[in-house]
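Spelled out, the chains give:
Protein chains: 2
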Amino acid sequence: MSTLSRREKSKCPISYSLDLFGDKWTLLVLRDVILHGKTRFAEFQSSDEKIASNILSDRLRRLGEQGFIAIEKDPSDARQKIYSVTKKGLSLTPVLLEIAAWGASHDGQTGELPHTVERSDSVCSSITNALR
Amino acid sequence: MSTLSRREKSKCPISYSLDLFGDKWTLLVLRDVILHGKTRFAEFQSSDEKIASNILSDRLRRLGEQGFIAIEKDPSDARQKIYSVTKKGLSLTPVLLEIAAWGASHDGQTGELPHTVERSDSVCSSITNALR
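From first to last, the protein sequence lines stand for chains A and B.
Numbering-wise (my numbering), the first sequence opens with residue 1 and increments by one.
Numbering-wise (my numbering), the second sequence opens with residue 1 and increments by one.
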């Protein structure tokens, strides 16, 4: 939806946010780049949810256009791209953590937050990179 | 996606949450029932985002099946239904508020949180009803 058409319809901040990231796959890609420090297309594709490559391409492109991630060519292979989270992208961390906290407290199988250590390390790495 | 099929794919709490409410329209309906205290189909339909009636019907039904909202017949008109938030639905308030906070801080037009007073009143009303 364009900014103009949205503006004609709603001035709600929740609506504004959801126009940008109110989509399961967008949020899962953000999870992977922010909390798991993924940087390569194949890494995103390897996530347990098995995102389809066309959907992944679309979401990465949109996230790049909206400034949530930076997209650069791989200096060692021009056909490959390197994705990294930006400061704007990192500002979504509290949203992701609230969603994670809700899931962990309502689903017995995820209650142990199995990726806690991995996430912790990756968040530090993502923050360090975004602030460079 | 069924619980079984999801379990085969991912144990991530974010993925679990997004399978339930990782959709723009679902979250907007939750906003309306939690933060604006809406209870009638026509009230949800009248929101600025102009949700299509078939999508609204679908999301209300799913939210009822998942226990986020209660759906009752209107005692004064059996053709009408009354929707209200449950305790489980209210547990999503922190997620909605994080999304609102992000939108308010990133969009100049929504920065003033124009519905603050209305939301505050409606949240109190929703909590009171859910705890009855």
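It is worth saying that the hints were derived from the structure and are not from the lab.
Predicted model only: the values in this text are computed from it and were never measured.
Among the hints, a few may not be true.
Note: identical chains are not told apart, hence a pair may lie in one copy or across any two.
Derived DSSO-like pairs: lysine-lysine, alpha-carbon spacing no greater than 30 Å straight-line [what the hints assert, rightly or not]:
id: 1; residue 1: Lys73; residue 2: Lys11
id: 2; residue 1: Lys11; residue 2: Lys50
id: 3; residue 1: Lys73; residue 2: Lys88
id: 4; residue 1: Lys50; residue 2: Lys81
id: 5; residue 1: Lys88; residue 2: Lys50
id: 6; residue 1: Lys87; residue 2: Lys11
id: 7; residue 1: Lys11; residue 2: Lys81
Reference check for the pair Lys73 and Lys88, CA-CA at most 30 Å: within, between, both, or neither?
within (20 Å within a copy, 45 Å between copies)
From the Cα coordinates, with 30 Å as the cut-off, is the pair Lys11 and Lys50 best called within, between, both, or neither?
between (35 Å within a copy, 13 Å between copies)
When no copy is named, should Lys50 and Lys81 be tagged within, between, both, or neither for a Cα gap of at most 30 Å?
Only inside one copy: Lys50 and Lys81 sit 20 Å apart there, 38 Å across copies, limit 30 Å.
How do Lys87 and Lys11 come out at 30 Å by Cα distance, when the copy is not named: within, between, both, or neither?
both (24 Å within a copy, 28 Å between copies)
Homo-oligomer pair classification [Lys81, Lys11; C-alpha up to 30 Å]:
Answer is between; shortest inter-copy Cα gap is 28 Å, intra-copy 36 Å.
Cα distance capped at 30 Å. Does Lys73 pair with Lys11 within a copy, between copies, both, or neither?
neither (37 Å within a copy, 32 Å between copies)
Given a CA cutoff of 30 Å, do Lys88 and Lys50 count as a within-copy pair, a between-copy pair, both, or neither?
For Lys88 and Lys50, both the intra-copy (26 Å) and inter-copy (29 Å) Cα distances are at most 30 Å.
Violation of the numbered hints given earlier is confined to hint 1; every other hint is satisfied by the structure.
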